[in-house]
Amino acid sequence: MTEETLLKVENLSKSFGGVNAVENVSFEVKKGEIVAVIGPNGAGKTTLFNLVTGVIPATSGKITFKGVSIIGKRPYQIASLGMTRTFQNLQVFNNMTVIENVMTGSHIRLKTGILSSGLRLPNVYKEEKEVMQKALQCLEQVGIADLAFERAETLPYGNQRLLEIARAVAAEPSFILLDEPMAGLNPQESRNLVNVLKNMRKQGMTFLFVEHDMETVMSIADKIVVLDYGKKIAEGTPEEISSNPKVIAAYLGEEEAI
Amino acid sequence: MDNNLTKIYNRSLKGPLIFFVVIMLLPFIFQSNNYILSTFIMIGFYSLVTTGLTLLIGYAGQISLGHAAFYGIGAYTSAYFTATLQMPSWIGILVGAIIASLVSLIIGIPVFKLKGHYLALATLGFGVIIFTFFKEWKTITGGLNGFFGIPPLSLFGISFSTDFQFYFLIWIFVFLGIFFARNIVQSRVGRALMSIHGSEIASEAIGININKYKLQIFVLSAVYASIAGSLYAHYVTFINPQLFEMMTSIYFLIMVVIGGIGNIWGGLIGAAIYVFLGELLKDIVPKIIPNASGEFEIVFFGVLLVVILIYMPNGISKAIFHFIKRITSNFKNKPVSAFSKKSTGSDIHD
Ligand SMILES: Nc1ncnc2c1ncn2[C@@H]1O[C@H](COP(=O)(O)OP(=O)(O)OP(=O)(O)O)[C@@H](O)[C@H]1O
Ligand SMILES: [Mg+2]
Numbered sequence: 001m002t003e004e005t006l007l008k009v010e011n012l013s014k015s016f017g018g019v020n021a022v023e024n025v026s027f028e029v030k031k032g033e034i035v036a037v038i039g040p041n042g043a044g045k046t047t048l049f050n051l052v053t054g055v056i057p058a059t060s061g062k063i064t065f066k067g068v069s070i071i072g073k074r075p076y077q078i079a080s081l082g083m084t085r086t087f088q089n090l091q092v093f094n095n096m097t098v099i100e101n102v103m104t105g106s107h108i109r110l111k112t113g114i115l116s117s118g119l120r121l122p123n124v125y126k127e128e129k130e131v132m133q134k135a136l137q138c139l140e141q142v143g144i145a146d147l148a149f150e151r152a153e154t155l156p157y158g159n160q161r162l163l164e165i166a167r168a169v170a171a172e173p174s175f176i177l178l179d180e181p182m183a184g185l186n187p188q189e190s191r192n193l194v195n196v197l198k199n200m201r202k203q204g205m206t207f208l209f210v211e212h213d214m215e216t217v218m219s220i221a222d223k224i225v226v227l228d229y230g231k232k233i234a235e236g237t238p239e240e241i242s243s244n245p246k247v248i249a250a251y252l253g254e255e256e257a258i
Numbered sequence: 259m260d261n262n263l264t265k266i267y268n269r270s271l272k273g274p275l276i277f278f279v280v281i282m283l284l285p286f287i288f289q290s291n292n293y294i295l296s297t298f299i300m301i302g303f304y305s306l307v308t309t310g311l312t313l314l315i316g317y318a319g320q321i322s323l324g325h326a327a328f329y330g331i332g333a334y335t336s337a338y339f340t341a342t343l344q345m346p347s348w349i350g351i352l353v354g355a356i357i358a359s360l361v362s363l364i365i366g367i368p369v370f371k372l373k374g375h376y377l378a379l380a381t382l383g384f385g386v387i388i389f390t391f392f393k394e395w396k397t398i399t400g401g402l403n404g405f406f407g408i409p410p411l412s413l414f415g416i417s418f419s420t421d422f423q424f425y426f427l428i429w430i431f432v433f434l435g436i437f438f439a440r441n442i443v444q445s446r447v448g449r450a451l452m453s454i455h456g457s458e459i460a461s462e463a464i465g466i467n468i469n470k471y472k473l474q475i476f477v478l479s480a481v482y483a484s485i486a487g488s489l490y491a492h493y494v495t496f497i498n499p500q501l502f503e504m505m506t507s508i509y510f511l512i513m514v515v516i517g518g519i520g521n522i523w524g525g526l527i528g529a530a531i532y533v534f535l536g537e538l539l540k541d542i543v544p545k546i547i548p549n550a551s552g553e554f555e556i557v558f559f560g561v562l563l564v565v566i567l568i569y570m571p572n573g574i575s576k577a578i579f580h581f582i583k584r585i586t587s588n589f590k591n592k593p594v595s596a597f598s599k600k601s602t603g604s605d606i607h608d
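Protein chains in written order, with the working numbering: chain A, 1 to 258; chain B, 259 to 608.
Same shape as in the complex, but just chain A:
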C-alpha cells in the first residue's frame, strides 16, 4: 500500500440554518485504503459525503482530491477527476434497464456527442459494443449480471444497491464513496459485497463508506472515522475504535445497549 494521500478534508463545516450538520471535520484517505465513517443517526455522515462530492457547498473548510482543491467544483467535474458515489436513498435510473444504468455510468469514458450519434457514424457502434461489454463485466463483478436486461425499478432493494455500485464502478474511478451499501442486503448478500469490495481494493480502488453494520465495518475497514453531532470524535484502526471510551459512549454503547 502506498502512502499517497488521495482525499484530504480539512476543518470542513456545514450548517443548515442553526444545525451544524458537519463541524470542523478533518481526515485523510490514502490510496488503496478502505475508510469507514460511522456515527449515530443524524451524525452528519451523508452530509459529509454530499460535501465531498460537491452536491452541497461547504460553509467553510478545504477538500483536496488528488492534490487539487475541489471546493466550489460541480459534482460532474469532481466525478471526472475520478470520484463517484452511491446514495443512501437509492438513486437508480428507473426509466432504464439495469445494463443501461451501468452503461450510463461509463459516460465520462466515452466520446460520442450529439452530432456523431445523430449521424450514426461507424465509431459510435463500436463504442456502444465496448461499453455494453464493460457494463456486463461491472454487473458480473457485483453479481447481478443475470438481471442485466430487467427494468431497474423491478429489482429488489438489495439488488438496486448493487446496481448503484456497478454504475459507480463503470466510470473507472479511483475513489468510490458508498453511503450505507449494506442497508437492505441480507447477511449472505452482505458477505458477498464485502468480498466484492475487497477484490476491487486489490485492483487499486479506494473506498470511503458509511455503514451501520459493525461486523462489516470491523472486517474491512483499514481506518474508521467516528462522527457524532457533526464533530469527529475519534479516528483510528478498528481495534483502536472499538476500545475508545468516547466512541463506546456515543455509539457502540448505544448499539450494545440494544
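Among the hints, a few may not be true.
[What the hints assert, rightly or not] Output of the computed footprint for chain A on chain B, the stretches with three or more beta carbons under 8 Å from beta carbons of chain A:
id	segment
1	444 to 450
2	459 to 472
[As the list claims (entries may be wrong)] Using 20 Å as the maximum straight-line C-alpha spacing, the simulated SDA-like pairs for lysine to any residue come out as follows:
id	chain 1	residue 1	chain 2	residue 2
3	B	Lys576	A	Glu150
4	B	Lys470	B	Ala380
5	A	Lys126	B	Lys265
6	A	Lys111	A	Lys126
7	A	Lys126	B	Asn262
8	A	Lys73	B	Ile459
9	A	Lys134	B	Leu263
10	B	Lys265	A	Glu153
Note that these hints are calculated values from the structure, not bench results.
C-beta: ideal position from N, C-alpha, C; glycine also.
Since the structure of chain A is already known, use the hints to place chain B with the ligands on it.
Leaving out everything else, chain B with the ligands in the frame of chain A:
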C-alpha cells in the same frame, strides 16, 4: 453473457424503411385528393416539431411550453428572407435554424436553472414574449395583418408548389428528423438525457454535465421546430402571429404526451392522432351541437390528455408497439419462451 446491442436498442432499419416506403406510396393513391394530402402534410409539420420535443420532454424530462415561438421564428425568418429579401429558400431555413438556436441558447441558460412547474411557466412566458415580437415588429412581420406572399419552397432547383410535391419534401424531412433523433437516443447522449430524467443527482455523480445536455437538447428541439416552421411558411404562403400563440405550444405538448414520451415515434403518432381527431371533430361536432365554437377542440384534447395521463401514462405509441410486436412475433410463429424474460421484448428502444 450475450453482449448483443440489439437486446437494448432496436437499431434495425427495417421497420422505419417499410414505414417510409408506405408513406412515400400513399400520395400516389390519393394523388387527386388534396384534402388527404394536406392533412398528411400538416401531420408532417407537427411531427417534426414533436420529434424534437420528445427528445426534450420524453427523454430528458424537461418541459417546454414555448416551442410555438421557435416554430414561428423559422416561419418568419423564411418569410422575410425569401419574400422580402428575395433570397433562396435554403438560406431562409438555415438562418431560421441559426436564429432559433441562438435564441434557445440565450433563453435556455437562465431557464434551465428552474425545474418542473417553474420551468413550464418560464418557457410559457418566453413564448408570450416572442409572440409579442411577431405582433409588434410590424416592419418585418406585418404584425396582426399577417405576412403575405411567401413564395413556394424551392430547393435544388425544384419548386414544391403543389400539395403532391410538398408531401414528399416534408416527409423526407420528418424521416431524417426521426432517424437523427433515434440515433441520438440509442447512444451515450440518449442515456445521458434519460439519466437526467431518472435522477439528476445520480447523473451528475457519474460525471454528466446535466446543464450542458439540457441546453444541447433544448437547442436541437428548437432547430427541429424552426425547420418545421420554415417549411410551413412556404407551404401556406401566408402567416400571422396567432399561428404561433401559446395554444400552439400547448397543442405540441398534448401531441407529445398523447403519442407517448420515451418513444421516438411518439411525436409522429401523437401528431397524427391530433390531426385526425381534429378533422373528425370538425365534421362531427357541428352535427351534434350546431352552434359550437372552436373552443370545443381545446376542451376535447384537454380531456383526452387527462384520460391518457391516467390510463396510458406512457402514451399511445407504447400500446401500438406492444401490439405490433405481438403480431410480428405471432406471425413469425416464435414461441413465447424465445424471450428469456418478460421484460426484454418490450423495453427495447425503438
Ligand atoms: N438539506 C438539509 N437541510 C437541512 N438539514 C439537513 C439537510 N441535510 C441534513 N440535514 C441535517 O443534518 C444532520 C445530519 O444529517 P445526515 O443526513 O448527514 O446524517 P447521517 O449521519 O447521514 O444520518 P443517517 O445515519 O440517518 O443517515 C441532521 O440533523 C439532518 O437533519
Ligand atoms: Mg445518512
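Okay, the hints, checked on the actual structure:
{"no.": "1", "hint": "444 to 450", "result": "holds (count 7)"}
{"no.": "2", "hint": "459 to 472", "result": "holds (count 10)"}
{"no.": "3", "hint": "B:Lys576 - A:Glu150", "result": "holds (17 Å)"}
{"no.": "4", "hint": "B:Lys470 - B:Ala380", "result": "holds (19 Å)"}
{"no.": "5", "hint": "A:Lys126 - B:Lys265", "result": "holds (16 Å)"}
{"no.": "6", "hint": "A:Lys111 - A:Lys126", "result": "holds (11 Å)"}
{"no.": "7", "hint": "A:Lys126 - B:Asn262", "result": "holds (12 Å)"}
{"no.": "8", "hint": "A:Lys73 - B:Ile459", "result": "holds (14 Å)"}
{"no.": "9", "hint": "A:Lys134 - B:Leu263", "result": "holds (12 Å)"}
{"no.": "10", "hint": "B:Lys265 - A:Glu153", "result": "holds (18 Å)"}
In summary, the structure agrees with every hint in the numbered list given earlier.
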